[in-house]
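Asks: Residues per chain, in single letters:
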Amino acid sequence: MENRRVRTGKHFMMGNVACAEGAVAAGCEFAAGYPITPASEIGHTLAKRLLEVGGYFFQTEDEISAICAGIGASWTGKKVFVPTSGPGISLMLENIGFAVGIETPVVLVNIQRGGPTTGAPSMGLQGDMVQPRRGSHGDYEIIALCPSSPQEMFDHTVRAFNLAERYRAPVFVMADAFIGHMREEVTIPEPDELDLTYRRILEKGTDPSTVKVFLDEEVAPMPIFGMGFKTHVTSSCHDEYGNRNLIDPTALDNFIQRLRNKILKHRDEIVQVECDYDNCELALVAYGAVARCAKEAVRVARSKGLNVGYFRVITAWPFPDREVQDLSHKVKKILVLENNSGQYYPYVKAEAAGRAEVEFLPPQILGQVHGLDYVVQKIEEMLR
Amino acid sequence: MSSVEHPLRKYLRPSVEATTFCPGCGDGTVLTSILQAIDELGMTMDDFVFVSGIGCAAWIISPNFNADVLHTTHGRPIAFATGIKLNLPEKKVMVVSGDGDLTAIGGNHLIHAARRNIEMVVICANNGIYGMTGGQVAPTTPREARTITTPYGSLENTFDISRMVQASGASFVARWTTYQPRQLTKSIKKAIQKKGFAFIEVISQCPVQFGAKTGAGSAVEMLEMYRKSSISVKKAVEMSPQEIEDKIVTGEFIDTAKPELCEEIARLKERIRGEG
Ligand SMILES: Cc1ncc(C[n+]2csc(CCOP(=O)(O)OP(=O)(O)O)c2C)c(N)n1
Ligand code: SF4
Ligand SMILES: [Mg+2]
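So the protein lines, in turn, are chains A and B.
Heads up: the first sequence begins at 11 in my numbering, then just goes up one per residue.
Heads up: the second sequence begins at 95 in my numbering, then just goes up one per residue.
The hints are simulated quantities; they were obtained by calculation from the structure and are not laboratory data.
Honestly, I wouldn't trust all of these hints.
[Stated by the list, open to error] Partial chain B-side listing against chain A, Cβ under 7 angstroms, derived:
1. Glu111
2. Ala161
3. Val163
4. Phe174
5. Gly177
Quick reminder that beta carbons are idealized off the backbone N, C-alpha and C, glycines included.
Using the sequences and the accompanying hints, generate a full structural model.
Replies: Given below as structure tokens:
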């Protein structure tokens, strides 16, 4: 039988469509969203594709409703997807924290656009890079991936589903209008070549008041709804069994630390970077759309005999601290390129402090990709 | 020692020893009426998923009900419940929350769930105030009533929630006070069996915040006021707006049948499978 979920083959495909196809291939059964440029094509594709595979795309009254419906759906055991752009994420933030707190697998995509505020909807800006990490109130960890091509829009979306299911947590795919609207070759593998993860679900018949179903650093099985578990799930500070505890001062500490450690303890399985800086004096650090420019600048600079390398951030969060430390041991200088006024740069600088000198280079015009000559010139300057 | 157990105790989580309500709070009556309705229908807690927002009323189900319970964020329970119902259409989904939660911060979700006519029971414990946060004015507070944020009396008009939900497209809408627990239980039973969006507004006394701040007095005084001010829907249609102004119109406002969202989606999926 033809596999309706996986459109195996080579396609000339828009990044946003590849993202939607990645979700369907990963086993997504429910998506919720509200129209927004430059992310709308994801919803357009899912509206048709999910129905073809027995799922449903639910267009909500606003983005708050989208994330809430997604979280509710995830508690019925479904793989869920909530694609949007920055303004939508701004509305969702309170409930993204809720997803963290009650350990709900949900994949979010932010096709970043020019902000602040309504800004320039169809221009790409890497303007929301710290938002997933620090946007919701309270103290927590998050996972965020940065695709650099339509192919990676597919691949990273599949991986985001796997990570969300594995860690019972919200996972972000942080693209921008350039990558979302870019059309390139996308290869979708055979269904059996896709390595898919499904969350652990509490064994039927188990009484969750006798089993730790929350706050397990090794990720507790999910006591999903509709199976007779009689689960108590609360946004309030709670213990391992889901019991509200607003009195004991150690309960909050336990609540925060265990949720953080659930991600941080497994950072080696989560964090990915691409490195090409052996014996280099200088390395460019970049991610997403800008990483394409950085890679090309390195190629051109090397052809001119300049000793420059390259470090691409694939997992933005949790922060690749050890990888940046390694980098800062091996190169003397680091140049961070971002299509913003320096959001990720302070993190890199802090991690490399005392070892490598770190500089930042925005594009000549915010919202545009860095010019090649402009970057090569900066490399020449730094190596002079 | 007597080992007689309250007939509804079996629906409560074994670990629960007491509720969090203040003495005299109407939320206990809401809790009992819901469980009584479930009991009389011969249903079990496993037939349900319960969802609440934030506030005193949101704690009616959380943690008390021995069932799948999702206690969420302020104003959003209907949005969560919608995601649950769309994916577990065979279960009954019931939202229980306060007037501030469902009609102020969460008003938009209430309107759209009613418009979609998604099968769901929403019970709004309307105490006319923000109880949990200390007695601030709510959209449901009577005009001129003094609250902690309207020290000279509220200047705003009072939300007629039931009429708003009916106008938005709900299949079933009823309003009762906590003085009428039998009628309330009967309407909850109907709401649970309704194939469509069913909304019940319960005018519920909050002696500690509403009673103290507005001068409405004790729980007993407030219940006495409910008894005196309640008039039936049937009677209300024969009265002028001026005559109704200070009354609480109680009863069932609408009980109708129309296409329900989950059934429509199931039909569409069936059709697409046939075509594929
Ligand atoms: C986003 C957000 N804003 C404000 C609050 C604070 N808050 C908690 S309960 C509540 C009011 C609840 O009023 P209502 O829904 O009428 O419930 P009641 O306590 O009266 O039963 C507010 C404003 C919150 N928890 N979240
Ligand atoms: S504050 Fe009011 S609504 Fe809240 S528990 Fe006390 S009496 Fe009930
Ligand atoms: Mg209230």
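Asks: Give a verdict on every hint.
Replies: Here is how each hint holds up against the structure:
At a threshold of 7 angstroms, the smallest CB-CB gap from Glu111/B to chain A is about 12 angstroms, leaving the interface hint violated. Contact between Ala161/B and chain A, as hinted, is supported at the beta carbon level, the nearest pair being about 5 angstroms apart and thus within 7 angstroms. At a threshold of 7 angstroms, the smallest CB-CB gap from Val163/B to chain A is about 5 angstroms, leaving the interface hint in force. Checking Phe174/B against chain A by beta carbon gives a least distance of about 4 angstroms; that is within 7 angstroms, so the hint holds.
Residue-level restraint check for Gly177/B holds (minimum Cβ-Cβ distance to chain A is 3 angstroms; threshold 7 angstroms).
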